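Going line by line, the protein sequences match chains W and V. Under the numbering used here, residues 678 to 848 are what the first sequence spells out, in order. Under the numbering used here, residues 55 to 195 are what the second sequence spells out, in order.
Simulated from the structure, these hints should not be mistaken for laboratory data. Note that this is a predicted model, so its numbers are computed, not measured. Think of the CB as a built atom: it goes at the ideal place given N, C-alpha and C, for glycine as much as any other residue. Where hints are given, some of them may not hold.
[Claimed, not checked] Listing some non-contacts, in silico: residues in chain V with all C-beta distances to chain W over 10 Å: (1) Thr90; (2) His106; (3) Arg133; (4) Asp136; (5) Ala175; (6) Asp176; (7) Asp186.
[To be verified] With a cut-off of at most 20 Å between alpha-carbon atoms, the simulated SDA-like pairs for lysine to any residue come out as follows: (8) W/Lys813 x V/Ser137; (9) W/Lys840 x V/Ser172; (10) W/Lys735 x W/Lys812; (11) V/Lys178 x W/Asp834; (12) W/Lys735 x V/Ser172; (13) V/Lys167 x W/Asp834; (14) W/Lys735 x V/Ser137.
[Claimed, not checked] Footprint (simulated), chain W over chain V, 3 or more residues, beta carbon under 8 Å: (15) 91-105; (16) 120-129; (17) 157-169.
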Amino acid sequence: MKNPFLALFLGAATLTSSAFAADSWGIANETVVEIEATVVDVACTLKKDCPANCGDGKRQLGLLTADGKLRLAAKGATDFAGAATDLLPHCGKTVFADGLLIANPAMTIFMVQNLRMSKDQKLQPAKMFEAEWTKKHGKAAEWFRADPLVKKVIEADGVLGIKGLAPAATP
Amino acid sequence: MRNLTSTALMLTALVASNLPARAAERVQVSGEIVDTWCAITGIMFASGTAHHQCAVWCAVGGIPVSIKTKDGAYYVVLRIEDSDVSLANPTIVNIQTHEVTVDGELHERDGVKYLFVSKVADDKGIVTLTHDENGIVPFGN
Chain W
678 MKNPFLALFL
688 GAATLTSSAF
698 AADSWGIANE
708 TVVEIEATVV
718 DVACTLKKDC
728 PANCGDGKRQ
738 LGLLTADGKL
748 RLAAKGATDF
758 AGAATDLLPH
768 CGKTVFADGL
778 LIANPAMTIF
788 MVQNLRMSKD
798 QKLQPAKMFE
808 AEWTKKHGKA
818 AEWFRADPLV
828 KKVIEADGVL
838 GIKGLAPAAT
848 P
Chain V
55 MRNLTSTALM
65 LTALVASNLP
75 ARAAERVQVS
85 GEIVDTWCAI
95 TGIMFASGTA
105 HHQCAVWCAV
115 GGIPVSIKTK
125 DGAYYVVLRI
135 EDSDVSLANP
145 TIVNIQTHEV
155 TVDGELHERD
165 GVKYLFVSKV
175 ADDKGIVTLT
185 HDENGIVPFG
195 N
């Protein structure tokens with residue numbers, strides 16, 4: 678594989694789906710861990726502004742542990758996608774989230790790689806984003822290039838984000 | 055006495071580790087709108103034009119969006135002006151990589167600064183040009 682970033686992204690995703698347990702990504706300050714926590718709407722937890730069903734897919738979700746720690750669920754197991762699609766069906770319920778706790782001094786985040794509802798269940802890869810996206814838009818080799826909103830934004834301003842500015846031609 | 059001191063220190067540490075979230079405060083924050091995952095993990099170069107496309111992908115994918123300040127602090131955006139949509143919000147997707155100044159309410163909890171933006175006071179657009187040096191990250195296209 679020519680591109681090391683592609684190898685990092687796709688390699689880790691493949692390991693996750695085949696091993697059914699969290700895998701290290703070699704990220705600084707990461708801990709491989711399975712946490713027992715309640716799925717919460719982060720804004721609701723912080724400000725007591727609580728729409729039904731954790732915002733019904735419109736809000737960032739978190740994992741609130743029994744000792745009161747709120748973990749921002751920043752990433753799921755689908756490439757370039759978060760964990761909210763996987764967590765939303767469990768709003769207000771306790772889950773076991775298997776993944777990476779990344780305690781960067783600038784921000785602590787959690788990557789959900791697998792989920793289960795109880796310890797005696799098998800871990801399921803947190804890849805519902807891709808499944809739901811495919812249901813809505815049809816199958817695509819790379820959801821992130823085929824998504825209508827992505828295409829609209831990139832077509833408007835280009836891959837560099839500035840209209841008229843193009844990357845140098847590859848020799 | 056030594057035992058008392060040790061106990062007091064342990065209790066202080068225990069209390070400190072279980073402190074409730076800080077009270078919210080009004081702040082003004084300036085910085086680049088970034089994709090939180092790539093920026094915090096450092097798995098790839100994640101700033102400016104080189105990473106703009108990936109930042110759009112990740113925002114549309116529902117990964118939290120943050121404002122990164124010049125001193126390296128990150129603020130997760132949970133609200134932007136009239137919209138409390140923080141998952142793939144088109145308004146936020148459209149200002150990925152922009153240099154902005156925002157007014158908002160800051161909540162800090164368990165190692166994360168959360169920002170409820172009440173007003174985008176200034177939007178300079180994309181000013182950090184990084185593609186000449188870094189190409190397009192990731193994949194090169």
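So, going through the hints one by one against the coordinates:
1. The beta carbon of V/Thr90 sits about 6 Å from the closest Cβ of chain W, which is not more than 10 Å, so the claim that it is off the interface is violated.
2. Taking the minimum C-beta to C-beta distance to chain W, about 4 Å, the non-interface status of V/His106 is violated against the 10 Å cut.
3. Distance to chain W contradicts V/Arg133 as a non-interface residue, since its nearest Cβ pair spans about 7 Å, not more than 10 Å.
4. Its beta-carbon lying about 13 Å from the closest one in chain W, V/Asp136 satisfies the requirement of being farther than 10 Å from that chain.
5. Remark: the non-interface label on V/Ala175 is consistent with the geometry, its nearest Cβ contact in chain W lying 21 Å away (cut-off 10 Å).
6. The Cβ of V/Asp176 sits about 17 Å from the closest Cβ of chain W, beyond the 10 Å cut-off, so the non-interface label holds.
7. Residue placement check: V/Asp186 does not keep its beta carbon more than 10 Å from all beta carbons of chain W (closest about 7 Å).
8. Of the supplied pair hints, the one linking W/Lys813 and V/Ser137 is violated, its CA atoms being roughly 24 Å apart against a limit of 20 Å.
9. For a cut-off of 20 Å, the pair hint linking W/Lys840 to V/Ser172 is broken: about 28 Å separates their Cα positions.
10. Restraint check for W/Lys735 and W/Lys812: satisfied, since their Cα atoms lie roughly 18 Å apart, inside the 20 Å limit.
11. The straight-line distance between the Cα atoms of V/Lys178 and W/Asp834 is roughly 15 Å, inside the 20 Å bound, and the hint therefore holds.
12. A threshold of 20 Å between alpha carbons decides the hint, and for W/Lys735 with V/Ser172 the separation of about 18 Å falls inside it, so the pair holds.
13. Among the hinted pairs, V/Lys167 with W/Asp834 is inconsistent with the structure: their alpha-carbon atoms are about 30 Å apart, more than 20 Å.
14. Note on W/Lys735 and V/Ser137: the hinted pairing holds, with a Cα-Cα distance of about 10 Å set against a maximum of 20 Å.
15. Counting residues of the segment 91-105 of chain V whose C-beta sits closer than 8 Å to any C-beta of chain W gives 8, which meets the bar of three, so the coverage hint holds.
16. By the rule of at least three residues with a Cβ nearer than 8 Å to a Cβ of chain W, the coverage given for the segment 120-129 of chain V holds, with 4 such residues.
17. Residue count for the segment 157-169 of chain V with a Cβ under 8 Å from a Cβ of chain W: 7. That meets the three needed, and the coverage hint holds.
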